[in-house]
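Trainee: Sequence:
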Amino acid sequence: LGRKQSLQALSLGVNAYYMFGNIVNSQSSIFPSSGYAFNTRSVSALRMEGYNLNYGVQYAFSIDSTKRKKLKEPIKILVGTTFSYRTNLSAQTDSIAYSYFTNFLGQDVVKDTIQYVQGAKGKLSIPLSIGFGLGFKKGDRWTVATDYAIQNWSNYKAFNQSPGYKNSMRASLGLQYIPDKEGTYLTRVNYRLGVRYVKSKLVIK
1360 LGRKQSLQAL
1370 SLGVNAYYMF
1380 GNIVNSQSSI
1390 FPSSGYAFNT
1400 RSVSALRMEG
1410 YNLNYGVQYA
1420 FSIDSTKRKK
1430 LKEPIKILVG
1440 TTFSYRTNLS
1450 AQTDSIAYSY
1460 FTNFLGQDVV
1470 KDTIQYVQGA
1480 KGKLSIPLSI
1490 GFGLGFKKGD
1500 RWTVATDYAI
1510 QNWSNYKAFN
1520 QSPGYKNSMR
1530 ASLGLQYIPD
1540 KEGTYLTRVN
1550 YRLGVRYVKS
1560 KLVIK
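Each residue of the sequence shown is one higher than the one before, counting from 1360 in my numbering.
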């Protein structure tokens, strides 16, 4: 490829996004058969906000012929990668923990407040992520694409505490077939088949 063609085959992209929202967690320890132990409950409300950038690079090139003959349908190959840096979100949390018992009417009666925190400020550390993609397109009929992405969730921290996440992974493969773009409706339909495998960041016993 010439210099001009090489530049036309290269694509660069940037996504900017702003994240915000609330997360409410509630945990309870209940002793229904004991008259000597009080139940406990803890509730936390987390508010967060921040922005991040996601970058992408893609390069495309075509193969029209081999050393022996010219191909009937050119093959287009696309190679790409995406990545985002580690970023910190501003966060604020309110939390309360208390002991209680349930009366004969089924109502919870607070016995004592164990902990109360309001407006505690901190950071959420969103880890680095990176992905790779590869695609093949033969003429206007066949397209095959695959991608692989990982994110380093083992380095995630909230208020300098690690919840014990593991690194996440996603792998996918897709196939598309168009019988005839100029034919009848059924031959113009995009027939697609795909499979995806995901490993979550959650550690489930």
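Among the hints, a few may not be true.
Here are the simulated EDC-like cross-link-like pairs (lysine to aspartate or glutamate), alpha carbons at most 16 angstroms apart as the crow flies [stated by the list, open to error]: (1) K1482 with D1506; (2) K1480 with D1467; (3) K1480 with D1499; (4) K1497 with D1453; (5) K1558 with D1499; (6) K1431 with D1506; (7) K1496 with D1539.
The following label-pair restraints were derived from C-beta to C-beta distances [stated by the list, open to error]: (8) T1446 with K1558: 14 to 24 angstroms; (9) Q1386 with K1435: 47 to 57 angstroms; (10) I1434 with G1478: 55 to 65 angstroms; (11) R1406 with R1551: 15 to 25 angstroms; (12) L1412 with V1468: 42 to 52 angstroms.
The set of hints was computed from the structure by calculation and includes no laboratory data. Here a beta-carbon is modelled for each residue, glycine too, at the ideal position from N, C-alpha and C.
Trainee: So if I understand the rule, the pair passes when the alpha-carbon distance is 16 angstroms or less; does K1558 with D1499 pass?
Mentor: 34 angstroms, violated
Trainee: Quick one, are K1431 and D1506 close enough, alpha carbons at most 16 angstroms?
Mentor: Distance ~28 angstroms between K1431 and D1506 Cα, so the pair is violated.
Trainee: Quick one: are Q1386 and K1435 within 47 to 57 angstroms, going by C-beta?
Mentor: 53 angstroms, holds
Trainee: Can the suggested window of 15 to 25 angstroms be confirmed for the beta-carbon pair R1406 and R1551?
Mentor: 40 angstroms, violated
Trainee: Can you confirm whether the C-alpha distance between K1496 and D1539 stays at or below 16 angstroms?
Mentor: 15 angstroms, holds
Trainee: Hint says 42 to 52 angstroms; check whether the CB-CB distance for L1412 and V1468 agrees.
Mentor: Since L1412 and V1468 have Cβ atoms about 51 angstroms apart, the given range 42 to 52 angstroms holds.
Trainee: Are K1482 and D1506 close enough, with their CA atoms no more than 16 angstroms apart?
Mentor: 31 angstroms, violated
Trainee: CA of K1480 to CA of D1499, is that 16 angstroms or under?
Mentor: 55 angstroms, violated
Trainee: Do the beta carbons of T1446 and K1558 sit within 14 to 24 angstroms of each other?
Mentor: Because 22 angstroms falls inside the window, the suggested range holds.
Trainee: Please verify whether K1497 and D1453 have alpha carbons no more than 16 angstroms apart.
Mentor: The hint is violated at about 56 angstroms.
Trainee: Cβ-Cβ distance between I1434 and G1478: within 55 to 65 angstroms?
Mentor: At 60 angstroms between Cβs, range holds.
Trainee: Next pair to validate is K1480 with D1467; report whether the Cα-Cα distance is within 16 angstroms.
Mentor: Violated, at about 30 angstroms.
Hint violations for this structure: numbers 1, 2, 3, 4, 5, 6 and 11, all remaining hints satisfied.
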